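Required output: the full structure, derived from the provided sequences and hints.
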Amino acid sequence: MSLITTLARLEACRTGRAQPAATVRHRHLSERPLVFVPLTTAGEAGAPLGALVGTDRYAPRLLAVPQPRDRDLRFTFLAELADVVLPYLDAYTEDVEAAERNETDPETGKRVKVEVELCADAPQLIVPSRAGVDFVRLLGRSMRFRRTAEQDPEAPYPAPPRVPLLGRWLTHFGERARVPGSSLLPAMTDLLARHWATGQSTLEDQHLGALLAWIDPPDGSTGAEAALHAELARDPEGQLMCPPAGPATDPAFDNKLLAPAIERYDRARTALATAEDGPEADDRLGELTAAEREIRELVLSRTLPTWEKVWQGLDLLRALPDGAHVEERWTRDRWSFTAHRDRIVAGEPPQPRRDDAVTAANKLAAREREQARLEAQEALDDPLVMAGRRLSGEAFAGEVTDVVMAYSESKRPSPRPLVTVRTEDRPHLGERVRVYRSLGGKPQAAEFVGWEAEDLLVLRVVDKMGRGKEPEAGSVPEKGDQLCFTLFEHEQRGGPKLPDPQETPWTHGGPPGEAAAEAADPLTSEDVL
Amino acid sequence: MTSAFDPGALAAEATDAILRDTLHGTHRGVVVDSPPGAGKSTLVVRAALELADAGRPLMIVAQTNAQVDDLVLRLAEKNRELAVGRLHSSDTDPYDKALDDLPNVRKSAKAGDLTGLSVVISTAAKWAHVKVDEPWRHAIVDEAYQMRSDALLAVAGLFERALFVGDPGQLDPFSIVGSEQWAGLSYDPSASAVTTLLAHNPELPQHRLPVSWRLPASAAPLVSDAFYPYTPFRSGTGHGDRRLAFAVPSDGSGPDRVIDEAAEWGWGLLELPARHTPRTDPEAVRAVATVVRRLVDRGGAATSERAPEEPLPLTPDRIAVGTAHRDQAAAVRAALAELGVTDVTVDTANRLQGREYDVTVILHPLSGRPDATAFHLETGRLCVLTSRHRHACIVVCRAGVSELLDDYPSTEPVQLGTLVKFPDGWEANQAVLARLAEHRVSRQP
Amino acid sequence: MPLPRTRGKALRQRLAELRGPDLPAKALDARALAALAANPGCKRRAILDGAGVNKAAVASALGSPSAFGQSQFAFTRGNAFEAKVKADGGAELLRLVHEKLDRRAEPPADAQVPDLAATGPEGRAARTALALREATAAAGTWTLLDHPMLALDVAGSPAFLEPDAVVVHPDGSWTVVEIKSFPMLDGSADPAKVGAAARQAAVYVLALEEVAARLDPAPAVRHRILLVCPKDFSNLPTASAVDVRKQRAVTGRQLARLTRIEDIADTLPEGTCFSPELPSDELTSAVESVPAAFAPECLSACELAFHCRDRSRAAGAVTSLGRSVRAELGGLTTVEDVLSAARGEAGDPEDPAVTALRRAARLRAEALQNRGPLATVDATTGGGRS
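Protein chains in written order, with the UniProt record's numbering: chain Z, 1 to 529; chain W, 1 to 445; chain F, 1 to 386.
These are calculated hints, taken from the structure and not from any lab test.
Keep in mind that this is a model prediction, so the values were computed, not measured.
Do not rely on the hints blindly, as some may be mistaken.
Said to hold, decoys possible - In silico contact screen, one side only, chain W against chain Z (beta carbon under 7 Å); selected entries:
id : residue
1  : A128
2  : D150
3  : I176
4  : V177
5  : W182
6  : Q415
7  : T418
For each residue, glycine too, the CB sits at the ideal point set by N, CA and C.
In structure tokens:
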């Protein structure tokens with residue numbers, strides 16, 4: 001944690017309110033996000049209990065599984081979820097714009113520009129917490145290898161038609177969420193913690209209720225008090241006043257409320273199955289419906305507070321101005337979304353269980369690039385972030401006190417002006433270290449020449465001054481300019497092209513062979529948990 | 001030589017076996033573990049020359065440009081006729097200017113310009129961009145334990161077979177983003193190249209250089225026990241072979257006493273009073289600088305097996321200061337400049353990897369810290385810092401590190417299927433501290 | 001770890017007094033022992049655990065009850081899974097041990113499953129020791145010990161531990177088996193949970209080593225344990241070998257260090273007692289008489305954490321924001337010290353921590369006041385800033 005963040009946290013402790021950790025918003029927010037607040041059953045890997053989901057703050061769709069151990073009921077839940085999520089995604093697949101992409105021509109091996117479609121906007125799924133992101137990933141994994149009756153008439157317990165497709169999309173969102181700076185599937189706690197520093201630890205910031213309490217405490221209460229209340233306060237029945245943001249539920253809720261309700265549901269179902277005549281069945285159906293309604297209400301009671309908090313968080317975030325590079329990163333999310341759309345349209349199989357060597361290496365390299373890009377862009381977009389980089393010696397700001405024209409020693413001399421900057425910062429500069437400033441949105445490089453005094457340093461500008469002997473107007477700093485140089489690069493170079501997976505070298509196990517279609521998870525009779 | 005074993009013969013035997021497997025073996029790869037100062041560079045140069053002699057086109061992969069240039073110079077030193085290609089990047093100053101004086105070294109940013117040369121050397125990063133129709137018959141991958149698996153993936157298509165050489169005890173490669181999702185996979189891209197290689201090719205011959213020529217007899221057992229518990233090595237020299245003497249007698253101060261202690265025993269600990277400090281603890285930094293200044297001032301002379309009759313002066317370029325963090329190195333440099341000391345190397349553990357000095361002065365990574373972290377406990381960091389010297393290592397540290405280690409919470413997550421890295425940083429730190437405690441000199445401010 | 005006899009006895013007496021008259025010592029289970037390594041710098045936790053104080057009861061009596069609980073769904077599922085793994089004479093479990101740890105041995109058939117029933121923990125531990133001896137002697141056979149009982153010396157008193165299972169291999173070596181109900185999904189599992197399971201298994205390994213040491217020749221206790229979990233989304237068992245050498249070393253050291261509780265006890269005023277039945281102010285001052293080392297990680301590892309957090313926050317300790325916060329603050333430990341140093345009102349200007357804080361404060365204030373674009377971002381890309 002940088003000292004600047006530490007100071008913000010301590011200031012939050014002192015004032016009882018969260019302090020800004022950013023002056024702009026560093027993540028894209030959709031105008032129409034899909035909020036997803038899931039709950040799961042304790043001790044079970046793939047047994048959702050219910051969810052609130054939707055794009056309308058005032059009309060969420062409630063989904064509940066009255067008996068999570070029942071496979072049919074789970075499938076019903078997943079089918080309903082697909083009914084909400086897939087149309088939302090579909091709406092973004094159709095509206096496209098023309099774009100260009102560099103591709104390697106398979107015949108000539110040259111890089112050529114290809115005209116392709118790019119979705120004009122992309123969907124955004126928002127979950128309350130990081131555990132929610134993991135749960136989306138888990139749901140995706142549990143669904144994408146399922147077979148529908150249409151795919152495989154022999155499949156035992158066929159999945160409802162659109163469930164495998166939903167699994168593939170959720171898997172894609174879950175995987176994209178691992179890319180630094182991406183916004184297809186953000187967790188509200190991460191979004192808030194990026195922009196505010198609270199007076200509690202980052203560990204405690206994982207609690208959405210407590211985090212929001214610090215940022216936006218109710219009237220008459222400090223953030224610390226409100227956070228404590230959100231974390232611990234219980235009603236006379238022993239239930240948390242602010243239920244956990246899920247997907248895990250509070251054990252007291254499970255034991256005192258949910259378990260008896262599920263038991264009543266089971267009893268009603270057994271009773272209905274053994275009903276002997278029509279009127280009796282009608283009565284018992286009524287009881288079953290009542291039991292089911294009770295569980296739905298329980299699920300609603302645990303998800304609605306979180307649902308409201310996610311939207312409250314969105315309000316807070318929307319009040320921040322956009323960071324300048326947010327749009328550019330969102331465009332990358334749009335590319336990612338479009339690419340997955342294309343894979344599905346092309347009939348490609350679902351994502352494999354585990355990445356092959358080449359895919360894993362490509363993903364790691366891409367994420368490292370995105371991490372470096374994110375760090376550079378956030379600093380360029382936000383003086384508070386840049387302040388942290390200046391403090392750590394990775395950047396410096398100051399006033400130009402002198403500019404001396406000089407030229408390179410070559411047949412066609414190019415301008416290499418010497419610029420003296422006065423700064424109170426303490427950058428880690430060594431001989432000929434390169435520094436960069438932003439000029440018209442592009443980085444201009446300079447070399448460190450030396451310190452002239454304790455607060456005076458000399459740089460030699462080396463590029464972006466045009467082709468002529470004399471630099472283009474406005475391309476050389478002028479005396480009196482306030483400038484900020486960074487020791488880190490502003491843009492990321494692409495990495496080397498890795499071999500095709502079919503060309504995996506012997507050091508990494510050799511070619512994986514013919515890609516066998518991933519088998520569905522085995523279904524056993526015990527799978528009815 | 002007082003010991004019963006003949007280190008020279010032992011090392012020669014190991015080298016012969018390695019070269020036999022490399023030149024005449026049937027396996028596609030050979031792995032060599034080389035502890036600090038065991039003659040890794042000598043081995044690489046020798047293997048390169050023999051492969052070239054055998055008429056096998058060879059590519060060499062190193063990890064940094066400095067390592068590449070160093071290898072080129074060493075090759076040229078051994079055989080000025082050898083046609084060597086230095087493949088470099090298109091950045092400014094891509095290689096050491098000293099290479100320009102070597103007539104048989106051709107330099108280019110394009111691999112195509114270097115075809116037909118006996119040996120072509122470059123960094124892994126540059127090789128990754130090279131495309132070939134016909135792979136090289138042979139490759140040597142240097143510092144293979146510091147190379148990431150994904151970097152090997154990018155270059156492995158360029159060669160048919162390879163000799164992998166490196167030091168498993170130094171700093172592991174790392175990634176700046178999480179890579180947990182691939183933990184446990186044999187080809188985890190963030191693992192070391194050797195880990196992946198051996199996971200897929202467990203039958204490859206694995207060798208070990210058994211003798212450290214750098215570390216003195218006082219240091220090899222500790223470094224071996226603490227950092228290489230399952231692959232021990234010995235010092236190539238005996239206790240009487242290395243001597244460090246000073247013309248100017250001690251003035252009785254802490255720095256002088258610790259210098260004398262280290263001169264006699266190979267280790268010295270200058271302990272400052274316990275206190276929590278920021279990383280650039282001014283007292284500790286000043287203590288490091290003072291020790292260095294006194295090392296220079298007192299007219300040190302180092303006697304070693306290289307010149308048993310004639311002690312060599314301990315000049316500033318034979319002294320290095322090692323720290324954990326860059327800001328600490330910067331603070332020490334500033335303090336040294338104030339004391340008028342120049343030409344002493346001051347760097348972080350990462351940058352000191354592979355380097356060698358007569359005397360090193362180390363600011364202990366845990367000195368003054370309120371908490372230990374995984375970074376500071378990393379085995380490789382301490383291993384690098386305590387294994388750069390030929391004569392003596394002086395550690396500057398605040399008291400209380402032992403308690404800090406005792407209080408270290410250990411609740412590490414465990415990934416299924418991953419190899420447990422040994423030794424544990426905690427254990428290694430305790431072992432080193434226990435030894436240093438025997439050579440403690442306290443300094444009151 | 002065993003203490004000299006007289007010293008051990010005196011310590012036991014002293015710890016019983018600290019616990020409170022007539023209160024039985026809370027039995028330390030493997031989870032509690034493994035948790036010793038979670039915050040070994042905390043003297044409060046060391047003395048309370050060492051004395052067998054019921055920390056949950058103390059926390060409730062102090063008005064900051066702990067928030068640990070288990071859902072009955074998880075509990076039911078865990079039990080059902082364990083029963084399934086051990087069904088049929090442990091055939092599936094033994095098959096997994098053979099496959100993952102000992103493929104060179106004969107596949108298990110006709111494995112022995114001795115009856116370990118006996119009265120009281122001492123009796124059960126003795127019965128287990130006997131069964132282990134017999135199984136080790138019976139070379140060439142597989143033996144499954146279902147819920148054996150092991151005794152481990154903890155600061156002079158025996159702690160009784162009950163692993164899910166111990167398997168004796170045909171070569172006479174012993175393996176600890178941990179059965180957990182979190183899933184192994186495509187071969188990987190939640191690393192935090194696997195870590196906790198490994199630490200717990202390491203305690204069993206240590207206890208088994210005590211038993212083994214009493215046999216001649218001492219059989220090998222394997223340092224790779226078997227972790228059995230449900231596979232993917234099913235309740236079919238799958239397993240993975242886990243190397244617990246590190247965890248074993250850590251827990252061994254922490255157990256050895258538990259003897260320092262005598263030193264801690266010596267610093268306490270005469271008559272100090274941690275009984276939850278004491279009036280709350282007396283209990284509070286007793287608890288406060290031992291220093292704690294609170295860090296946010298305690299919240300998931302110690303029953304007393306909410307109490308300690310309140311105290312830590314009230315004292316303005318910066319570590320309540322996380323251990324790492326202190327790293328750059330040098331000797332400054334409270335919120336007010338740090339802030340006043342940053343404001344230039346206090347602190348030694350020669351101290352680099354103070355210098356850095358002042359620079360940080362200045363840079364932060366500048367960035368917040370002047371939210372207009374810095375020169376790095378020009379007008380075309382700096383939109384939305386001012």
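Point to revise | Residue hint W:T418, partner chain Z, criterion CB-CB below 7 Å | key: violated, 15 Å
Review point. Should the hint that W:D150 touches chain Z count as held when the rule is a Cβ pair under 7 Å?
Key: Since chain Z brings a Cβ to about 4 Å from W:D150, closer than 7 Å, the hint holds.
Review point. Taking the closest Cβ pair, is W:V177 under 7 Å from chain Z?
Key: holds, 4 Å
Exercise for review: Against chain Z, run the beta carbon of W:I176 and see if the smallest gap drops under 7 Å.
Suggested key: holds, 5 Å
**Study point:** chain Z contact restraint on W:A128 - CB to CB distance below 7 Å
**Key:** holds, 4 Å
Practice item. Classify the hint on W:W182 as holds or violated, based on whether any CB of chain Z lies nearer than 7 Å to its CB. Key: holds, 5 Å
Point to revise | Per-residue hint verdict: W:Q415, partner chain Z, C-beta under 7 Å | key: violated, 14 Å
In this structure, the hints that do not hold are numbers 6 and 7, in rising order.
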